[in-house]
Amino acid sequence: MAGMSGRMSTVIKAKISKLLDRAEDPSETIEYSYQKQMELLQNVKKGIADVVTSKKRLQMQQQKLEQQVVKLDTQARQALAQSREDLARTALERKQFAQGELQSLDQQVAELETQQAQLIDKEQKLRSKLEQFRTKKEVIKAQYSAAEAQVKISEAATGVGEEMADVGLAMQRAMDKTENMRARAGAMEELEAAGAFDDNLQLGSGGQDDIDRQLHELTSQSGVDDDLARMKAELGSGSAPPQGELGQSSSEERPA
Amino acid sequence: MIVRISTERQYRLPDEDAQRLNELDNQTVEAVDAGDEERYEQLFAEMLDLVRRDGRPLEDEELEESDVILPPPDTSMAEAAHEFTGDGLIPD
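If you're matching them up, the sequences are chains L and E in order.
Going by our numbering, the first sequence opens with residue 1, and the numbers climb by one from there.
Going by our numbering, the second sequence opens with residue 1001, and the numbers climb by one from there.
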């Protein structure tokens, strides 16, 4: 096309032409190229699956932290009820920390959500581009078998070669982007896995943390006191005044 | 004339658009040279717009060589700069 002298398109066109010169016979490589691109599409799909997995792991972490926040809040109330402000403070400090972690996790999950949507969009576009390429491939194969209009065939070969190069470029960019996102998702996971809250706020599987232990000690201590008092009352030891009209029922109602 | 937007598809444009496309192309490269990202984004978007607006997408069955090949629409200025100095999007 005469008159096309834009620097950008000239550079790109020159590079594409160079690429095509290297391919011996476009028609031969078309089929191979198509199969190759279909295979590569699987990499993009796998990349999406990995981002989804990372997101799910972070969401599980989110749930754990949410449980942790509720638990620490309950512990703080229990400690306060036992007049242990120091313990309540510790629990609330940890709750603040957990809430901070939760906030950053929320952001990361949202970011992965966006990445996932972008990758799915990319994959769909690639799929339709490959579909275009498949159509062009069939057209040129039909022309070859017709063995006529040789000039037209060589023109068409250039056209399909250019398309082949473009499909390759689209695939390359999609794969780069997928790899990039997969790496970022993996990094987020690692960061969370190594996060300080894991050491500080581990919600043991059925185990007790130190606040639990201290609260338990307090409770059992007062339980022992209560038991002692009840026993004394039941024995009705002469020196102590009886603790209720009917020992049994009143001891049941006594607050622990 | 046939214009390809890389990684997307080809369009058939009226020949009259060639001049405008050339102007935009060269201005875009100037913006890249000047490191003016905002201007690069604006001019490149204008180019893509022109092609999509004036162009008729080629059918899947049509096999044509492009007269003009534009970079992929998501080309960053850093990539564009690389394109004119090094291997760029398409390796030499």
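Hint data in this document are derived by calculation from the structure and do not stem from the laboratory.
Where hints are given, some of them may not hold.
Stated by the list, open to error - With a straight-line cut-off of 20 Å between C-alpha atoms, the simulated DMTMM-like cross-links for lysine to aspartate or glutamate are:
no.	chain 1	residue 1	chain 2	residue 2
1	L	K137	E	E1061
2	L	K177	E	E1061
3	L	K64	L	D210
4	L	K95	L	E85
5	L	K95	L	E111
6	L	K177	L	E111
7	L	K141	E	E1083
8	L	K141	L	E131
9	L	K95	L	E66
10	L	K137	E	D1017
11	L	K95	L	D106
12	L	K71	L	D50
13	L	K15	E	E1083
14	L	K45	L	D86
15	L	K15	E	D1060
16	L	K15	E	E1079
17	L	K15	E	E1064
18	L	K46	L	E31
19	L	K137	E	E1079
20	L	K125	E	E1038
21	L	K141	E	E1064
22	L	K137	E	D1074
23	L	K141	E	D1074
24	L	K177	E	E1008
25	L	K64	L	D225
26	L	K46	L	D86
27	L	K137	L	D210
28	L	K46	L	D106
Stated by the list, open to error - Now the in silico label distances, taken between C-beta atoms and shown as ranges:
no.	chain 1	residue 1	chain 2	residue 2	range
29	L	Q35	E	A1034	24 to 30 Å
30	E	A1078	L	E190	50 to 56 Å
31	E	Q1019	L	L191	32 to 38 Å
32	E	E1079	L	T114	19 to 25 Å
33	L	Q103	E	E1016	51 to 57 Å
34	E	E1061	L	K125	15 to 21 Å
Every residue gets a Cβ at the ideal spot worked out from N, C-alpha and C, and that includes glycine.
Right, here's what the structure says about each hint:
no.: 1; hint: L:K137 x E:E1061; in the structure: holds (9 Å)
no.: 2; hint: L:K177 x E:E1061; in the structure: violated (29 Å)
no.: 3; hint: L:K64 x L:D210; in the structure: holds (18 Å)
no.: 4; hint: L:K95 x L:E85; in the structure: holds (15 Å)
no.: 5; hint: L:K95 x L:E111; in the structure: violated (24 Å)
no.: 6; hint: L:K177 x L:E111; in the structure: holds (15 Å)
no.: 7; hint: L:K141 x E:E1083; in the structure: violated (34 Å)
no.: 8; hint: L:K141 x L:E131; in the structure: holds (15 Å)
no.: 9; hint: L:K95 x L:E66; in the structure: holds (10 Å)
no.: 10; hint: L:K137 x E:D1017; in the structure: violated (30 Å)
no.: 11; hint: L:K95 x L:D106; in the structure: holds (16 Å)
no.: 12; hint: L:K71 x L:D50; in the structure: violated (32 Å)
no.: 13; hint: L:K15 x E:E1083; in the structure: holds (10 Å)
no.: 14; hint: L:K45 x L:D86; in the structure: violated (53 Å)
no.: 15; hint: L:K15 x E:D1060; in the structure: violated (24 Å)
no.: 16; hint: L:K15 x E:E1079; in the structure: holds (15 Å)
no.: 17; hint: L:K15 x E:E1064; in the structure: holds (17 Å)
no.: 18; hint: L:K46 x L:E31; in the structure: violated (23 Å)
no.: 19; hint: L:K137 x E:E1079; in the structure: violated (30 Å)
no.: 20; hint: L:K125 x E:E1038; in the structure: violated (27 Å)
no.: 21; hint: L:K141 x E:E1064; in the structure: holds (15 Å)
no.: 22; hint: L:K137 x E:D1074; in the structure: violated (27 Å)
no.: 23; hint: L:K141 x E:D1074; in the structure: violated (32 Å)
no.: 24; hint: L:K177 x E:E1008; in the structure: holds (16 Å)
no.: 25; hint: L:K64 x L:D225; in the structure: violated (36 Å)
no.: 26; hint: L:K46 x L:D86; in the structure: violated (51 Å)
no.: 27; hint: L:K137 x L:D210; in the structure: violated (69 Å)
no.: 28; hint: L:K46 x L:D106; in the structure: violated (24 Å)
no.: 29; hint: L:Q35 x E:A1034: 24 to 30 Å; in the structure: violated (44 Å)
no.: 30; hint: E:A1078 x L:E190: 50 to 56 Å; in the structure: violated (27 Å)
no.: 31; hint: E:Q1019 x L:L191: 32 to 38 Å; in the structure: violated (53 Å)
no.: 32; hint: E:E1079 x L:T114: 19 to 25 Å; in the structure: holds (21 Å)
no.: 33; hint: L:Q103 x E:E1016: 51 to 57 Å; in the structure: holds (56 Å)
no.: 34; hint: E:E1061 x L:K125: 15 to 21 Å; in the structure: holds (20 Å)
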